[in-house]
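Here the structure of chain A is known, so what remains is to put chain B in place on it, guided by the hints.
The primary structure of each chain is shown beneath.
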Amino acid sequence: MKQPEGFTARGQGSKVMCLLCALYGLKQATLQWWRELKAFMKTMGFHQASSDARVFIYKHPDRRLVITLVYVDDGLFLGADKALVDSKKCACLEHWECHDTGDVTDFLGMKINKTASHITIDQKAYLKTVLERFDMHNAKITPTPIPSGYVPQENKGAVNPV
Amino acid sequence: MLGTCPDTAFVVIKMLQFSANPSQDHLDKAMYIMRYLIGTQDYHMVYDGRINEGLIAHTDLDWASNPIKHRSTTGFFASLASSIVCWQSHLQKTVVLSSTEAEYMAMLDTC
Numbered sequence: 007m008k009q010p011e012g013f014t015a016r017g018q019g020s021k022v023m024c025l026l027c028a029l030y031g032l033k034q035a036t037l038q039w040w041r042e043l044k045a046f047m048k049t050m051g052f053h054q055a056s057s058d059a060r061v062f063i064y065k066h067p068d069r070r071l072v073i074t075l076v077y078v079d080d081g082l083f084l085g086a087d088k089a090l091v092d093s094k095k096c097a098c099l100e101h102w103e104c105h106d107t108g109d110v111t112d113f114l115g116m117k118i119n120k121t122a123s124h125i126t127i128d129q130k131a132y133l134k135t136v137l138e139r140f141d142m143h144n145a146k147i148t149p150t151p152i153p154s155g156y157v158p159q160e161n162k163g164a165v166n167p168v
Numbered sequence: 066m067l068g069t070c071p072d073t074a075f076v077v078i079k080m081l082q083f084s085a086n087p088s089q090d091h092l093d094k095a096m097y098i099m100r101y102l103i104g105t106q107d108y109h110m111v112y113d114g115r116i117n118e119g120l121i122a123h124t125d126l127d128w129a130s131n132p133i134k135h136r137s138t139t140g141f142f143a144s145l146a147s148s149i150v151c152w153q154s155h156l157q158k159t160v161v162l163s164s165t166e167a168e169y170m171a172m173l174d175t176c
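Just so you know, the sequences run in chain order A and B.
The numbering of the first sequence is the working numbering, which starts it at 7 and goes up by one.
The numbering of the second sequence is the working numbering, which starts it at 66 and goes up by one.
Okay, chain A solo, but in the shape it has when bound (with noise of 0.2 angstroms):
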């Protein structure tokens, strides 16, 4: 990494350092972070899908599957055999400084409600959040997400500055 204002060793600007633990905030740690939690997984015996590298899929000799989801810091562990799914939760627990929530309920802000018959997967919470950030709430509703035969055309002015 660059050396930061105001701490550059005289005489030696154009040298960079050498990052020996990745803080919260910088620009490495989320790499760092991939790194070490694609580490630990190859530990635990789970191997990474070749098309979701945030999947990440245990096989027991016996064919019992593990199946890890992943997105940053929340994790989602699947699996038929519950006992199977609790001893890897559990080895996660205690490697990492984090919770169990039990039952999943809701996942990166969807609502997963579990009936007898089926599972229904829900974005209602989230949208309303965003409809109140836009003050969008009593907004008139539309039959089509957008006007038929509408073709959107490249804006040809100059690009706005932000």
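For the record, the hints were derived by calculation from the structure and aren't laboratory data.
Keep in mind it's a predicted model, so treat the numbers as computed, not measured.
Possibly wrong hints are sitting among the right ones.
Stated by the list, open to error - In silico DSSO-like cross-links for lysine-lysine, where the CA-CA straight-line distance does not exceed 27 angstroms:
hint, chain 1, residue 1, chain 2, residue 2
1, B, K158, A, K162
2, A, K21, A, K33
3, A, K162, B, K134
4, A, K8, A, K21
5, A, K8, A, K33
6, A, K65, A, K95
Chain B in isolation, oriented as in the chain A frame:
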């Protein structure tokens, strides 16, 4: 909202293509999508485990939908347990010469 609203996937991607330099018209259409979402906010994904149809995938395309880049748009979804588990709408990577060519490229994107 893309997480649970596959019905808006196409328009959201369409409007995103102009996000580098949006005009007032594009912003108005983004609001139009929001108003559509208000109308459909009670809709949700329902997965029924009793329906044992297996994985079914559908694909379609909008031929030469982008007059600026001369490319087509692929749309596909895969359904499992009576509801959609995976969907996408995106601009194809290459310019195609016929709609047949666009069709098999859409199919390849789905696989």
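To see whether the hints hold, each was checked on the structure:
{"no.": "1", "hint": "B:K158 - A:K162", "result": "24 angstroms, holds"}
{"no.": "2", "hint": "A:K21 - A:K33", "result": "18 angstroms, holds"}
{"no.": "3", "hint": "A:K162 - B:K134", "result": "15 angstroms, holds"}
{"no.": "4", "hint": "A:K8 - A:K21", "result": "8 angstroms, holds"}
{"no.": "5", "hint": "A:K8 - A:K33", "result": "11 angstroms, holds"}
{"no.": "6", "hint": "A:K65 - A:K95", "result": "15 angstroms, holds"}
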